[in-house]
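So the sequence lines, in the order shown, correspond to chains A and B. Per this note's numbering, the first sequence starts with residue 1, numbered consecutively. Per this note's numbering, the second sequence starts with residue 1, numbered consecutively.
It is worth saying that the hints were derived from the structure and are not from the lab. Incorrect hints may appear among the rest.
[Said to hold, decoys possible] With a straight-line cut-off of 20 Å between C-alpha atoms, the simulated SDA-like cross-links for lysine to any residue are:
| no. | chain 1 | residue 1 | chain 2 | residue 2 |
| --- | --- | --- | --- | --- |
| 1 | A | 56 | B | 345 |
| 2 | A | 56 | B | 420 |
| 3 | A | 56 | B | 381 |
| 4 | A | 56 | B | 415 |
| 5 | A | 2 | A | 19 |
Values in this document were obtained by computation on a predicted structure and should not be read as measured data.
Chain by chain, the residues run as shown.
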Amino acid sequence: MKTEIKQQEGMTLITVQGELDTDTCIEFQQKTAPVAEVPGAKVELDLSALDYISSKALRIIISLEQRVAEHGGSLTITAVSAPVREIFDMTGLSQTMLADCKNKTTKE
Amino acid sequence: MKNLTPRKISLLLLAAFGLLIIAATLVAIRFVRDESRVYQIGHLREHLQTIGQEVAENLDAGDPDSFEFLEISARIQRENENYSYVLRDSSGMILSPSFVAGKQIKMENIRPLKHDGSAFVADIWGARCLVVIWPFPDRPLELLGIYDNSYIFDDVHLTTGAFLVLLSTVFAILLLLSWFWIIPALERMYARRDKAERELQNARTLQQKAVTQAFPLDPRFDVYAVLQPMKEVGGDIYRCGMLDGKLLFVIGDVSDKGTEAAFMMFLVIGFMRTRVKIGVDLGELMGEVNGLICDNPDFEMFCTLFLGCIDPDTMEMVYCNAGHTRTLVDGEFLDQDPQLIAGIQPGFRYHTQRLQLRPGARLLLYTDGVTEARNPERAFFGEERLQAWMRERPAAASCEEDCRSLLETLDAFRGSARQNDDIAIMSIRIR
């Protein structure tokens with residue numbers, strides 16, 4: 001698992017690669033936690049290189065989104081890989097969280 | 001000491017050991033010093049010839065009149081050495097050839113070391129230097145040597161000694177640190193860990209209690225379920241029961257572990273029990289559970305849930321899915337709408353689905369610990385393997401046998417890899 005956080009044109013870009021399982025998601029949580037503390041942060045999450053996401057990791061992403069929103073910011077998932085989309089579909093999260101993902105891709 | 005814990009005893013032993021090292025070091029240094037003195041005498045003798053030779057050459061080559069030598073009756077009373085001289089030029093400077101790298105020693109820096117005048121001490125660069133002169137019978141004024149104490153610092157023995165001193169100093173510091181800081185910190189950590197362990201134990205008990213139940217003894221159903229938590233407490237739940245002649249069941253995965261998850265499980269199950277008795281529609285009930293979890297944001301918890309109700313008279317199953325894994329019905333995955341996991345969006349509207357079951361239908365409900373079990377090659381057990389397993393199950397097998405068989409299959413698949421998530425399995429058969 002590899003998490004990259006970049007600041008670009010006022011946006012925070014988070015890219016995750018590999019597998020977010022029960023063990024590695026802790027590192028992801030620690031790395032991304034400060035992102036949510038910035039008031040009004042515009043966060044973009046790229047999950048296109050993510051091969052697997054555990055339910056615990058899913059919870060961390062949802063928490064992250066809620067925290068970002070609490071601080072007046074927004075979190076957008078810009079891209080997902082097929083296996084991750086499957087999980088989002090199964091949990092019904094694609095309707096809420098991946099809606100932005102589609103918008104984003106149609107805009108570009 | 002009233003609180004003599006094993007840790008403190010070991011620390012005391014460590015302290016005794018440290019003192020022993022320090023004592024040994026001091027003794028060693030004493031020996032080293034003695035040894036180096038012996039060595040230096042030998043060293044001096046080695047140099048006598050060379051330096052004497054050099055001085056002799058200097059005197060031969062240079063102008064002897066520019067030197068005014070003052071003889072100081074000095075005597076080294078050692079073995080065969082007889083007289084010692086300090087060599088001084090007319091400007092009152094002591095000549096110290098090669099041995100002190102061309103530096104000159106001022107006369108006033110030279111102090112007698114012994115009252116009989118057999119040895120003198122001079123200061124060169126802050127180091128104590130013993131200056132001695134050796135008389136040859138035919139050349140009474142030759143400079144024979146300079147005894148430099150400073151060189152003993154390069155001596156291998158003294159380096160060892162200094163190293164030992166350093167070691168014992170570090171040891172002493174560590175000892176102090178551990179007594180006042182590391183040990184208390186360790187004890188606090190242990191106390192916290194014990195507390196956490198107790199909490200975990202409580203939560204484990206809670207969880208087991210939440211799922212331990214008598215399976216319905218209705219002759220029309222065979223129901224069995226197992227929960228295999230990871231070594232820590234998990235958040236998988238299941239529950240089933242008869243209500244008005246119908247089989248009601250729920251399976252879920254709370255997105256957290258520990259006491260809070262177990263507590264939330266109780267909350268959800270208790271709540272559902274009350275509502276189900278009133279006869280609420282499953283979709284509506286799911287919405288209420290969702291609201292309940294959303295109303296407790298401090299828990300920061302989400303929950304996948306699958307609610308089902310089978311009427312044995314009509315053979316109809318009504319169900320509602322909130323982001324849970326796909327249920328298997330007779331070896332086929334159930335058509336279940338992917339509705340949002342509970343606890344994320346307040347007011348989310350869940351709807352109920354229906355399915356006509358055939359007589360003798362078998363259902364398998366499970367949590368993601370089953371499909372996401374991994375083998376040592378990191379491959380997932382996956383839905384395909386699960387489906388294949390179910391299709392191979394003999395029709396006569398009981399639900400308990402099904403559950404055991406699946407656990408065994410998962411164990412075999414996992415091989416040497418450890419279990420990475422909780423596993424809950426519920427098997428239902430209509431007789």
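For each hint, the structure was consulted:
In summary, the hint linking residue 56/A to residue 345/B is supported, as the alpha carbons are separated by about 18 Å, within the 20 Å threshold. A distance of roughly 11 Å separates the Cα atoms of residue 56/A and residue 420/B; the hinted pair therefore holds under the 20 Å criterion. Our distance criterion of 20 Å between C-alpha atoms is met by residue 56/A and residue 381/B, whose separation comes to about 18 Å. For the given pair, residue 56/A sits about 23 Å from residue 415/B by alpha-carbon distance, which is inconsistent with the 20 Å threshold.
Proposed proximity of residue 2/A and residue 19/A is supported: the alpha carbons are some 8 Å apart, at most 20 Å.
Hint violations for this structure: number 4 only, all remaining hints satisfied.
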